[in-house]
Structures are given as structure tokens and as C-alpha cells.
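**Q** Here is how the chains run, residue by residue.
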Amino acid sequence: MSSPILTRLAWTGPVKAGANLEARWSAAHPMDSGFRVDDSGRQIPKNIIHTVRAYLNDRLIMEADLGTAMTSPVYLAFPVLVPPEGGIVKVIWKDDLGQMGETQQRLVL
Amino acid sequence: MNNTSKLPISFQVQSPMRRSGLAWALGTCLAVPHQVVLSKPLNELSSEGIELVFPRLADTGNAVPFEALVTAPTGLHLKALKVILPENPNPEALHLKIMDQPVQYRLKTRLRLAASQSVWLVAYFNDGSERANHAPTIITSTACLDES
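Line by line, the protein sequences are chains A and B.
Residues in the first sequence are numbered from 1 upward in steps of one, following our numbering.
Residues in the second sequence are numbered from 1 upward in steps of one, following our numbering.
Hint data in this document are derived by calculation from the structure and do not stem from the laboratory.
Treat the hints with care, since some could be wrong.
Unchecked claim - Derived lysine-lysine pairs resembling PhoX-like cross-links, with alpha carbons at most 20 Å apart:
(1) B:LYS108 with A:LYS90
(2) B:LYS40 with A:LYS90
(3) B:LYS97 with A:LYS94
Small disclaimer: the values here were computed from a predicted structure and weren't measured.
Based on the provided sequences and hints, a complete structural model is requested.
**A** What follows is the structure, given as C-alpha cells:
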């Protein structure tokens, strides 16, 4: 139906065992709040990313419930504690239209 | 207690319609704009260990960068964080449930603001206690309620 929603996951800080990285996730989602109207005056239905889950090596580390006050594109930065063996950080999102997406990034020590 | 006897006579003779109108007006005044389960009101919670970075002035409410650094009291860890914008149509902007028991947490995001207001950050700890801090900002145009 719509074009794929581009998401991005990146970090800042040194990727070392025990370090606290800042993981930055963003998604180019329209995040329609349901309060706006289009050019013909019709209300644009609410469609926001309502759930974001972050996994580190398939272990859930963070789950976020998003409201209409999140911007478009959505941006969320959260800390990730680097495990000694490294691993994979995966972020999954879901929106009101039932669309889902997944981004993953490897922690290379 | 009968309060009506103390009111001026003009208030005592009123139609049922008017009375229901008054009840409605009272109801809307008492309705809490956001439902947050807390042990105390937000402004009575300790703000210790919560640092917020939020601009004092923002040109528009479309994307206001928000940063929070939360440090848990000794012996405790963080369970959840909530970002609340009391003047927005949906005040609860973000509810973050944290599973990996951190003592310190730095959250960054961007928020849409309907009006000039204070953003509240509520931190929930593993013993059931809460802490909250707020940061005010002034914006010159609105993001959520405009007709553009």
C-alpha cells in the first residue's frame, strides 16, 4: 500500500565490552496524529508507531509505548550495555495500520 | 451539608437544565487531563537524580529535542520512564519500560508540543517509588491543533 518505511539504527561511543553505548533509532514514518486535516478538510486518520521494542541478543531490553506527541520522523536514543561477547541489537516497531518493521545492527568488538 | 441555603436567592431558583449545566461544568473542571497512576501528585515527587535538557524557547512545536538523564537512588534500579506533556491532546508522549535494570539511563527523543508548557518526566523504580522533574518551554506556534 504505502512505500516501505525507512528505519535506521546507529550508535555513538566505543564498542567495547561493558561500555554503555547510545543506540539511536529513527523511522521515517508519517506519524499522523489524527488531529490534522488534509487540503480538502478531511481529517487524516491516526497512524502512529505505537510500540517499539529493542532486543539485545534476542533479550528484550526496552519496550516503548509511543503517543501522538512523538515527531515525524520518530527518533529515540537509548543506552545499550555492550555484552563481553558482542551481539546483535534489533529494534521492532508496529503502527496503527498494522505495519511492522525490523532493523538490526551487529555490535562488533 | 446543605450549601444551597448559603447561596444568593437568584442562584436558588434555577431550572433543572441550568443545574445539569452547572454539574457538567464542574465535571469538566474536575476531570484530570491525564490519568497517571502515582502515589502523589507530580509536583510533590522528588526531582533528585533527574536532569532534563529541554530548550527554554522553541520556534515551533513540531520537533523539540528532549533529553533526560535519570540516576536511580542508591540500591535501586529503573523500571520505567514516562514523558508527559500536560497541554497536549494526548498527554502521555512516551512510556518506556526498561528490562535490563539500569542504574543510570539517558533517553533522547523529539517531541511535538501543542502549546507552551512544561514537559514532565516520571521515573519509576523497582521498589515502587517514583521521582519526577519538569522543564518548561515556550513555543510560538502549535503542531497538533493547527488547521494547515
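**Q** Each of the hints needs a verdict: does it hold here or not?
**A** Evaluated hints:
1. Distance check on the hinted pair: LYS108 of chain B and LYS90 of chain A sit about 18 Å apart at the alpha-carbon level, within 20 Å; holds.
2. About 36 Å separates the Cα atoms of LYS40 of chain B and LYS90 of chain A, which puts this hinted pair outside 20 Å; it is violated.
3. With a CA separation close to 16 Å, the supplied pair LYS97 of chain B and LYS94 of chain A stays within the 20 Å bound.
This entry does not satisfy hint 2, going by the numbered hints stated previously; all others are met.
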